[in-house]
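K.L.:
These are the residues of each chain, in order.
Protein chains: 4
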Amino acid sequence: MARRIVSEFLGSALLLATVVGSGIMADRLSGGIVALALLANTIATGAVLVALLLTFGPISGAHLNPVVTVCDALVGGIGWREVPGYLVAQVSGAFAGVATAHAMFGLPAYVASTHIRSGPAQIFSEFVATFGLLAVVWGCSRARPSATPFAVGAYITAAYWFTASTSFANPAVTLARAASNTFAGIRPEDVGWFIAAQCAGALAATGLFQWLQPAKSKNS
Amino acid sequence: MARRIVSEFLGSALLLATVVGSGIMADRLSGGIVALALLANTIATGAVLVALLLTFGPISGAHLNPVVTVCDALVGGIGWREVPGYLVAQVSGAFAGVATAHAMFGLPAYVASTHIRSGPAQIFSEFVATFGLLAVVWGCSRARPSATPFAVGAYITAAYWFTASTSFANPAVTLARAASNTFAGIRPEDVGWFIAAQCAGALAATGLFQWLQPAKSKNS
Amino acid sequence: MARRIVSEFLGSALLLATVVGSGIMADRLSGGIVALALLANTIATGAVLVALLLTFGPISGAHLNPVVTVCDALVGGIGWREVPGYLVAQVSGAFAGVATAHAMFGLPAYVASTHIRSGPAQIFSEFVATFGLLAVVWGCSRARPSATPFAVGAYITAAYWFTASTSFANPAVTLARAASNTFAGIRPEDVGWFIAAQCAGALAATGLFQWLQPAKSKNS
Amino acid sequence: MARRIVSEFLGSALLLATVVGSGIMADRLSGGIVALALLANTIATGAVLVALLLTFGPISGAHLNPVVTVCDALVGGIGWREVPGYLVAQVSGAFAGVATAHAMFGLPAYVASTHIRSGPAQIFSEFVATFGLLAVVWGCSRARPSATPFAVGAYITAAYWFTASTSFANPAVTLARAASNTFAGIRPEDVGWFIAAQCAGALAATGLFQWLQPAKSKNS
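Residue numbers (this note's numbering), protein chains in the order written: chain V, 1 to 220; chain U, 1001 to 1220; chain L, 2001 to 2220; chain D, 3001 to 3220.
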């Protein structure tokens, strides 16, 4: 169990280091062409997800996302006893990752973000983004588990662009990005609605896939 | 059967949400550099196809395309009885996806496109694009079905650039994009020729691959 | 045998349609930012190679390249009797692909290129590019044939950038690109040295890998 | 054994030819948009890693990196007797690759770099980059060795962007890049700290994964 906690912590830390770090680098080098900055941010995030899910999947399932862990418990995958450890590891790992990214770019460990991400379009985007993510997770992990890392990396690559919110789709990621006043940040006051929409989207997809594919457990 | 219909509906909706949504995002952020907008649109579309075909393939085959469904019926794959349900699911899913994308970006559900896509070069492009798509579908799904999602995603990534029409290659996609006055739209009056060329290209590839690879059914 | 000839013809045609067509599209949309045009051209070419090798590999081996065919015959793979048919299919397919690309973009079927690609740096680049390509082909196809399409697509994606010549690495491609006065073209008088360097690089890699990995045949 | 030495030499040479060559090409064509140059450099490097690890993995394990070789010996993988040969092959191959890239672009074989890469942020970046690389290598190569080439290529693609140093993560690469006064270069006086940080990161990850995943040997 300790190994699985450390795995979720490390995976979440490297995920956030990538999301925030590549956002800083891309923003600095893009000369104000926002699409170019987001493209670099996207490619880095999608690629690191493939690497992290392949690396940490065999140890802890590589959830790296509280809604994945909770939904997996709901459908009888991971036991409820393990859930709190997973969530603590994911959130603390995410904050550790933000501090790591900031250190790599010579910034203070944490600064509250001023990046406004509010309004119904943004919140609906998070619902759609997380619905799609959980659909991909359930669809792949039941029928073709070895392809899940590629499917999730590909999905997030797309979701950075097809949603207006750039697809956070993960409450641990959302909380930690509120502590980064950079390209990838989100204002603390916008976090609540994002997380609410993520939970709703995840539950909707999980319920639907329980019917679409009768299942027992997930082990991405 | 209801599961397969829902699978085709959802897959088509997420595909169109990506095509249209990423087009809007890319267009807004690219500062007028069209190649950059198309590159982001391309990467999002190719990536989401990998994710969707891996996710919905095990449930419904993940056709997500009327010409794939009809051609599969022609060669004895899916039964003709199932075809109408598939087509309705694909077209209605595609329109649902367009409305979803518009909602995520704060636009009205449907607006007729004014994007002109006409002339012989465009129409010939759709013939070539769909011929190539069906060639990839038949070639892979018979010999290496587990690689089909990657092959189709890669093919469409290329086809966005090597055809003058950016490769719609799908009648359901074409119809729904006529209802989006954004980067990815197509004028309603140009839809007919696009779909005719797509059908011709699909039939040509299907006939050719019947000879190239004696086959029974497709289950991408 | 007829099936294999048609497979090589079609694969070569779609390869050239992509190389030339995506070059035209990228050049038109890139607003003079050459790196952006080459990036789009690269992504389209690398992606289509993955799709084409997965599609046509099971039928004809998907050589799509005269030096691959000749080197495969040298090491006892394909029989020498089949070589002329393969070469004719590859070269004629390549020219058909150029005409197809031109038609999709409203250009005349063939125009001699004026794109200068000469000098020792360019020629040495083609030696290195083809040496590397054949190294990848032999290394993968003997030990992990199912990964060859991904390895070749990835290699060419890189080689477009790390060589000064953008890595033609294929005599059929080189001949056909001389008939396209577009982004991807090459002046007819520069073709000879390119092909000579490609043959030298291919032979060097083939000889070396005969020693590195004792082998019998290739069936990528 | 001679085959394995040649494999490490060739793989390292092609890796450096790509890193340096694609940097030169990208720098020349990007019109001063640094993010675009780095994106092309990134895509070329990530892609060539996939191709090289698939090609040379079956022969020598495709370490291509002294810290991978030494850490593999520490955990009982490769024998210590083989280590010196591997290291000599990797370093000499890396320098051969730099000279090859320079020759392809008409530059002198070696020129000391003037590219400043110093300070704690850069050095910490190399620690993180190499820690992550070894985590991916150990995590994948023990549980899913056939996916290692894709995981490593994806990881480096991300690490070019999420670290402030663009992730050298390899002492042989670092030494050789000091001999290239181009986009990818590093001032010779900055090399020492980079390599020290790389060794520390690699050892930390190796120790941690010894505990996370009890193991015997690596054969990526």
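These aren't lab readings, by the way, just hints derived from the structure by calculation.
For clarity, every value in this text was computed on a predicted model and none was experimentally measured.
Certain hints may be false.
[Stated by the list, open to error] Pairwise CB distance ranges (calculated): (1) U:1003 x L:2196: 51 to 61 angstroms; (2) L:2108 x U:1187: 26 to 36 angstroms; (3) V:3 x L:2196: 35 to 45 angstroms; (4) U:1204 x D:3111: 50 to 60 angstroms; (5) V:114 x U:1200: 24 to 34 angstroms.
Even for Gly, the Cβ is constructed at its ideal location relative to N, Cα and C.
K.L.:
Against which earlier hints does the structure fall short, listed by number upward?
P.N.:
The structure conflicts with hints 3 and 5, although it agrees with all the remaining ones.
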